[in-house]
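**Student:** Sequence:
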Amino acid sequence: MSMVKGVPYTFREHTVEIEIKGDHCPECGETVLNSEESDEFRIKIRKIRDEIIAKHTS
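34 is the number that our numbering gives to position 34 of the sequence shown; each next residue is one higher, with no gaps.
Each hint should be verified, as a subset may be incorrect.
Taking lysine to any residue pairs in the SDA-like style, the calculated list, with each CA pair at most 20 angstroms apart, reads [to be verified]:
no., residue 1, residue 2
1, Lys21, Lys44
2, Lys55, Glu13
3, Lys55, His24
4, Lys21, Glu40
5, Lys5, Lys55
6, Lys44, Glu17
7, Lys5, Glu17
8, Lys44, Gly6
9, Lys21, Lys55
10, Lys44, Pro26
11, Lys5, Ile45
12, Lys5, His24
13, Lys55, Ile18
14, Lys47, Arg12
15, Lys47, Val16
16, Lys5, Lys21
17, Lys44, Glu30
18, Lys47, His14
19, Lys47, Pro26
20, Lys5, Glu40
Source of the hints: derived by calculation from the structure; they are not laboratory data.
Model the full assembly from the supplied sequences, consistent with the hints where possible.
**Tutor:** What follows is the structure, encoded as structure tokens:
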């Protein structure tokens, strides 16, 4: 069953929690994404990276 869960993401020593929709295994913590969910996750990661890079180059 697909549900939303906060997943930690670290880039350049900055850790944020990203809300991702997918099938989350309660036993091992692994998340399986379909292609739409994967695209959304990639977009969120790209935005976070861009924000962190912008803060450190200003």
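**Student:** Indicate, hint by hint, whether the structure satisfies it.
**Tutor:** Evaluated hints:
{"no.": "1", "hint": "Lys21 / Lys44", "verdict": "holds (12 angstroms)"}
{"no.": "2", "hint": "Lys55 / Glu13", "verdict": "holds (13 angstroms)"}
{"no.": "3", "hint": "Lys55 / His24", "verdict": "violated (32 angstroms)"}
{"no.": "4", "hint": "Lys21 / Glu40", "verdict": "holds (9 angstroms)"}
{"no.": "5", "hint": "Lys5 / Lys55", "verdict": "violated (27 angstroms)"}
{"no.": "6", "hint": "Lys44 / Glu17", "verdict": "holds (11 angstroms)"}
{"no.": "7", "hint": "Lys5 / Glu17", "verdict": "holds (9 angstroms)"}
{"no.": "8", "hint": "Lys44 / Gly6", "verdict": "holds (12 angstroms)"}
{"no.": "9", "hint": "Lys21 / Lys55", "verdict": "violated (28 angstroms)"}
{"no.": "10", "hint": "Lys44 / Pro26", "verdict": "violated (23 angstroms)"}
{"no.": "11", "hint": "Lys5 / Ile45", "verdict": "holds (15 angstroms)"}
{"no.": "12", "hint": "Lys5 / His24", "verdict": "holds (8 angstroms)"}
{"no.": "13", "hint": "Lys55 / Ile18", "verdict": "holds (19 angstroms)"}
{"no.": "14", "hint": "Lys47 / Arg12", "verdict": "holds (14 angstroms)"}
{"no.": "15", "hint": "Lys47 / Val16", "verdict": "holds (12 angstroms)"}
{"no.": "16", "hint": "Lys5 / Lys21", "verdict": "holds (6 angstroms)"}
{"no.": "17", "hint": "Lys44 / Glu30", "verdict": "holds (18 angstroms)"}
{"no.": "18", "hint": "Lys47 / His14", "verdict": "holds (13 angstroms)"}
{"no.": "19", "hint": "Lys47 / Pro26", "verdict": "violated (28 angstroms)"}
{"no.": "20", "hint": "Lys5 / Glu40", "verdict": "holds (14 angstroms)"}
Violation of the numbered hints given earlier is confined to hints 3, 5, 9, 10 and 19; the remaining hints are satisfied by the structure.
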